[in-house]
Amino acid sequence: MNQGAIPDESPRNLPEQLLLQDAKAGNCISIQGGPDDILGDVSRLVAIYGGNPEDWYKITSIQGFVINGASVQVHWFENKQILQQLELKFKRQYPKTAPKNL
Amino acid sequence: MKIRCIAKTGEYLPENYIDPPRGYTRKVELPLTIDKEYVVYAIREWKGTIWYYICNDNYSYYPIHNPAPMFEVVDDRVSKYWRFELSSNGLLMIAFEQWFTDPYFYDKLTDQEDEEVEIFDKVKELMDAEDFDLPPLDVAVEKLRETVSV
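Just so you know, the sequences run in chain order P and U.
In this text, residue positions in the first sequence follow the numbering used here: the first is 1, and each later residue adds one.
In this text, residue positions in the second sequence follow the numbering used here: the first is 1, and each later residue adds one.
Derived from the structure by calculation, the hints contain no laboratory data.
There could be a bad hint or two in this list.
Okay, the calculated bits of chain U under chain P, using three or more residues with CB under 8 Å as the criterion [said to hold, decoys possible]: (1) 17-24; (2) 29-43; (3) 96-108.
With a straight-line cut-off of 25 Å between C-alpha atoms, the simulated SDA-like cross-links for lysine to any residue are [to be verified]: (4) P:Lys91 / U:Gly90; (5) P:Lys80 / U:Gly90; (6) U:Lys36 / U:Asp121.
For each residue, glycine too, the CB sits at the ideal point set by N, CA and C.
Using the sequences provided together with the hints, build the complete structure.
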């Protein structure tokens, strides 16, 4: 896994910016993290940003927009004690092309 | 195993599921459709709360946990692909094999790593099409005895 800090990714367009705003306004839930589901990245996060391992969560936007043909969500890491939201990434999933039966 | 959505907002959740750090507040509204059925790909139990990993209405490449009280079970037959793990911290997890063989499988899957996304694609395809039809007990045991006696 990556050992350094990962910079925030910027939205590429207005819909992604709106998705990010919506998520950061509270329309988000955790995917993983907390005391029962420690993140694989937690050692790196604690080493770089501090906090306790059980306070780190991976968060996703609840909304998932289809933007330019891709299903887009926004993810980030969040520490609930020191209230940091870090390493924001846009996850763009494009539809798979159907296999060709030649 | 299949479940049917009966609620999608936090106001229907029992108190022990309300967990603001995870985003589960009374106001949360999850991307689910009332009365829609969802295949369960994994189950997590932690301190009396049960969470179903399903592909919700915003599914793109990974299943996500949802609170059990928002669903009713409509098909209680369990997947033959499931494995069981009880961790020393009391976490109970039921999921497909690859979830456990790599302790970072779900981390990598949610990070959209190609290999894990492809694995879940395959698991999803198999579990979505899983055939649960079994012969009646008498027929099944008769067939087994015939096989054993040969």
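(request) Of all the hints given earlier, name the ones this structure violates by number, lowest first. (result) 4
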